[in-house]
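For the sequence shown, the positions run 96 to 285 when the numbering used here is used.
Source of the hints: derived by calculation from the structure; they are not laboratory data. Here a beta-carbon is modelled for each residue, glycine too, at the ideal position from N, C-alpha and C. Treat the hints with care, since some could be wrong.
Unchecked claim - Cβ pair distances, simulated, as ranges: (1) 107 x 160: 28 to 38 Å; (2) 196 x 276: 13 to 23 Å; (3) 159 x 278: 38 to 48 Å; (4) 115 x 165: 22 to 32 Å.
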Amino acid sequence: MLIYAMGVSVDGYVADREGDFGWGAPSEELFRFHLARVSGLGGYLLGRRLYEAMLAWETDPSMRDTDLKAAFADVWCALPKVVFSRTLDSVQGNARLAEASVAEEVAATLDATDKDVEIGGPGLASAAIQLGLVDELRMFRYPVVVGGGTPYLPPVTDTVRLDLIETRTFDSCVIYERYSRARDDSGRQP
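Could you put together the complete structure from these sequences and hints?
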């Protein structure tokens, strides 16, 4: 299953007009949830900006200053990653640059594991959503309105029906919303 998960403002943005997402820092409870969630993944596809933001978990020793953060760094470093970029010549750690189309890389990554795969970065996820490849949307809705910036979801030309399958409110008032693509009576996506 391909999952798109990111923090999002109440008004639907993953970053504000200046590209800042500092309002999305997780509480310890939410961080533990992310650790468990990422531990269950078999791969991760990500765009250049998200790759660069997450690279500190592989390269910066200060990111391991608590047992919890060290555990996340271990999980993140071990996770196979595919990075989509037009500007990078190389990547570090357990990552490789994408060589094929989004659809081909998604298929290859899913075929390489029996676990779920996550896609991150709104631009890359947008391409996968438009191709109908994303099975679940997972939003971590932060109690903030930023008034513009990078949207969580792309504009769509057709309605995409969803089923809400899980919600949870964290101690920091972040609301987790988990949606799957709706199925018709035959089990197919409409």
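Okay, the hints, checked on the actual structure:
| no. | hint | in the structure |
| --- | --- | --- |
| 1 | 107 x 160: 28 to 38 Å | 33 Å, holds |
| 2 | 196 x 276: 13 to 23 Å | 21 Å, holds |
| 3 | 159 x 278: 38 to 48 Å | 42 Å, holds |
| 4 | 115 x 165: 22 to 32 Å | 26 Å, holds |
Violated hints are absent here; each numbered hint is respected by the structure.
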